[in-house]
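Participant: The chain contents come next:
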Amino acid sequence: MSTVTFVRPTRDDAALMLGWRSQPRVTEFMKTDFTQPLEAQVAWLEACETRTDYEHWLACYKGEKFGFINISWHDGRREADWGYYIGEESRTLLGATVPAYFYNHVFFELGLSAVYANVAEPNVGVLRLHRSHGYEDVGRIEKGIDKPALTCDLLRLRLAAETWAENFKPLHRYRAPWEPRRTPALAAGA
Amino acid sequence: MSQRDTDLLAIFTETLKLPSDYPAGDLEFAKTPGWDSLAHMSIVAAMEDKFGLMMDVDEIAEMSNFAKAQEILDKHGV
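Listed in order, the protein sequences are those of chains Z and C.
The opening position of the first sequence corresponds to residue 518 in my numbering, with each subsequent residue numbered one higher.
The opening position of the second sequence corresponds to residue 8 in my numbering, with each subsequent residue numbered one higher.
I should point out that these hints are in silico values taken from the structure, not numbers from a laboratory.
Glycine residues also receive a C-beta, built at the ideal position from the N, C-alpha and C atoms.
One or more hints might be untrue.
[Unchecked claim] Using 20 Å as the maximum straight-line C-alpha spacing, the simulated SDA-like pairs for lysine to any residue come out as follows:
#, chain 1, residue 1, chain 2, residue 2
1, Z, K686, C, A52
2, C, K75, Z, N635
3, C, K57, Z, S607
4, C, K38, C, K82
[Unchecked claim] Using C-beta positions, here's what the derived DEER-type ranges look like:
#, chain 1, residue 1, chain 2, residue 2, range
5, Z, P697, C, D12, 38 to 48 Å
6, Z, A682, C, D63, 43 to 53 Å
7, Z, E566, C, G59, 21 to 31 Å
8, Z, T552, C, K24, 50 to 60 Å
9, Z, A560, C, E21, 29 to 39 Å
10, Z, F551, C, G32, 33 to 43 Å
[What the hints assert, rightly or not] Computed from the model, here is a short list of chain Z residues facing chain C with C-beta under 8 Å:
#, residue
11, V521
12, L610
13, G612
14, T614
15, N640
16, V641
17, L644
All chains should be modelled from the sequences, with the hints used to inform the complete structure.
Facilitator: If you want it as structure tokens, here you go:
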């Protein structure tokens with residue numbers, strides 16, 4: 518059994534996720550700084566359960582949750598935007614494997630043709646990571662981040678399924694179980 | 008230092024763009040300059056190429072310093 522798994526967050530994860538999302542290391546390059554109370558986080562998690570345009574997971578290592586991944590579907594569900602962060606600093610050694618698990622899931626199991634990521638221009642670490650995985654630059658969102666601590670452009674990047682399939686074969690071994698949605702109709706992509 | 012460990016150290020110093028005589032005992036994830044999660048995967052890939060092995064995710068998750076990299080090579084019989 519894989520030691521890495523991806524599970525759906527529940528209301529019981531609200532405090533954990535709020536703690537992660539409030540860390541300066543995590544929030545630095547996010548579009549917003551996170552200030553909402555726990556009750557709002559719980560309500561948001563519950564509202565996400567019925568959204569058809571958005572899904573998310575928690576990454577786990579040996580059952581311990583360490584990171585967050587989200588995906589926002591485009592019309593037709595052949596392409597999507599996505600993002601992730603490592604919440605548990607002690608698990609940053611696994612940070613660069615999480616995208617590989619994600620690409621193998623969405624390209625080989627869900628059949629997406631491309632994924633997109635918006636990355637803050639000063640976030641050179643993630644830009645380097647994505648470009649090393651075959652992303653191409655496809656746009657720029659001027660002042661895509663405009664908050665008290667940071668104003669900067671977002672770079673829009675695109676990774677095509679065929680690029681991942683053809684050029685990154687050594688990384689195709691990163692496979693893990695991804696928990697499906699609990700709502701059956703939504704799990705079918707309705 | 009054995010030839011194996013000399014080769015292993017070279018992987019670290021070349022990947023992390025460190026001086027070739029960088030002390031092996033000072034190599035530690037997130038503390039050694041340049042050793043971030045992306046560089047970590049580059050080190051893993053270079054070790055797999057050089058020593059002909061395939062590391063599992065547990066080994067990737069635990070290889071936080073040079074000594075642990077040596078232990079992984081030992082485990083693989085390198």
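Participant: State for each hint whether it applies.
Facilitator: Comparing the hints with the structure gives:
A distance of roughly 12 Å separates the Cα atoms of Z/K686 and C/A52; the hinted pair therefore holds under the 20 Å criterion. This hinted pair does not check out: C/K75 and Z/N635 have alpha carbons roughly 35 Å apart, beyond 20 Å. Restraint check for C/K57 and Z/S607: not satisfied, since their Cα atoms lie roughly 28 Å apart, outside the 20 Å limit. Proposed proximity of C/K38 and C/K82 is contradicted: the alpha carbons are some 25 Å apart, above 20 Å.
Separated by about 46 Å at the C-beta atoms, Z/P697 and C/D12 satisfy the suggested range of 38 to 48 Å. Distance hint check: the CB atoms of Z/A682 and C/D63 are about 23 Å apart, inconsistent with the given range 43 to 53 Å. Judged by the Cβ atoms, the range 21 to 31 Å given for Z/E566 and C/G59 is violated: they are separated by roughly 47 Å. The hinted window of 50 to 60 Å between Z/T552 and C/K24 is violated, with their beta carbons roughly 39 Å apart.
Checking the proposed 29 to 39 Å range against Z/A560 and C/E21 shows it is violated: the Cβ atoms sit about 50 Å from each other. The hinted range of 33 to 43 Å is satisfied by Z/F551 and C/G32, whose Cβ atoms lie roughly 39 Å apart. Because the closest C-beta pair between Z/V521 and chain C is about 6 Å apart, less than 8 Å, the hint holds. With a least beta-carbon distance of about 5 Å to chain C, the hint placing Z/L610 at the interface is held under the 8 Å criterion.
Because the smallest distance between the Cβ of Z/G612 and any Cβ of chain C comes to about 3 Å, under 8 Å, the interface hint for this residue holds. For Z/T614, the suggested interface contact is upheld, since its CB lies about 6 Å from the closest CB of chain C, less than 8 Å. Hint on Z/N640 is violated. Least Cβ distance to chain C is approximately 12 Å, over the 8 Å limit. The restraint placing Z/V641 at the interface with chain C is violated, with a minimum CB-CB distance near 10 Å, outside the 8 Å limit.
Violation of the interface hint for Z/L644 is found here, the shortest Cβ-Cβ separation to chain C being roughly 10 Å, above the 8 Å cut-off.
Hints 2, 3, 4, 6, 7, 8, 9, 15, 16 and 17 from the earlier list are contradicted by this structure; the remaining hints agree with it.
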